[in-house]
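Under the UniProt record's numbering, the first residue of the sequence shown carries the number 1, and numbering increases by one thereafter.
Mixed in with the good hints there might be a few duds.
What the hints assert, rightly or not - Result set (DMTMM-like, lysine to aspartate or glutamate): computed pairs, CA atoms no more than 20 Å apart in a straight line: (1) K74 with D61; (2) K74 with E63; (3) K108 with E86; (4) K108 with E129; (5) K232 with D220.
Think of the hints as simulated: they come from the structure by calculation, not from any bench.
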Amino acid sequence: MQLMVENLHVAYDRIRALHGVTFGIAEGEIVCIIGANGAGKSTTLRAISRMVPALPGSRMDFEGRNLLDYPPEKVVSQLGVSHVPEGRRLFGNLTVMENLKLATFARKDRPAIKRDLDLVFSIFPRLAERESQPAGTLSGGEQQMVAVGRAYMTGRRMMLLDEPSMGLAPLMMLSMFEALKEINQAGTTILLVEQNARLALKFARRGYVIENGRIVIEGDSGALLNDPGVKKAYLGG
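Could you put the whole structure together from the sequences, leaning on the hints where they help?
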């Protein structure tokens, strides 16, 4: 497994958010985590990217390295794991190009940076048209393109995506997931958490269902789409 999470526990003060979460992702996979609001989806991503501390007894390995030994900035710069947070969190006063280039500050491989930038603009041609425009003036869908492009420019081994469809119109939502498929085909493993369970399961190869900080169901996406419990709880029937 490229990423292996075992017995992950996370707490906010005295409130436990994750209770022994365990799952794995193979290199090149697209995997989703679905669940209700507050179930622990975002916390799981934040723990992997080391934005929140894991409690003793937790274990997370990425390509044979102990993630718990790395601070957040090294998870990105040394391991190549990037995180697209909920809400995008762009530098609104900087241009599209400045947001993308700022993401490469820790990289020294200039020819590879140029290739990555070319790929981002080929996947999101609208960004090439707006490269000199302040990110804060873009539409919600365009801002999400910048957020994904920025993540790709920081780390290309694995991308963590938190609610990539949030706030997007249906056509833009589908376009975004097609773009994510292209990024995956270019060699980036994808782990996403998503409130739109049906869309996530159609996009991913495998999925995990999290409830109250615990993984309760896992399996191939097709099986989860047809699971009566998943249908009732997350698919509207």
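Numbers of the earlier hints that this structure fails to satisfy, in rising order = 3, 4
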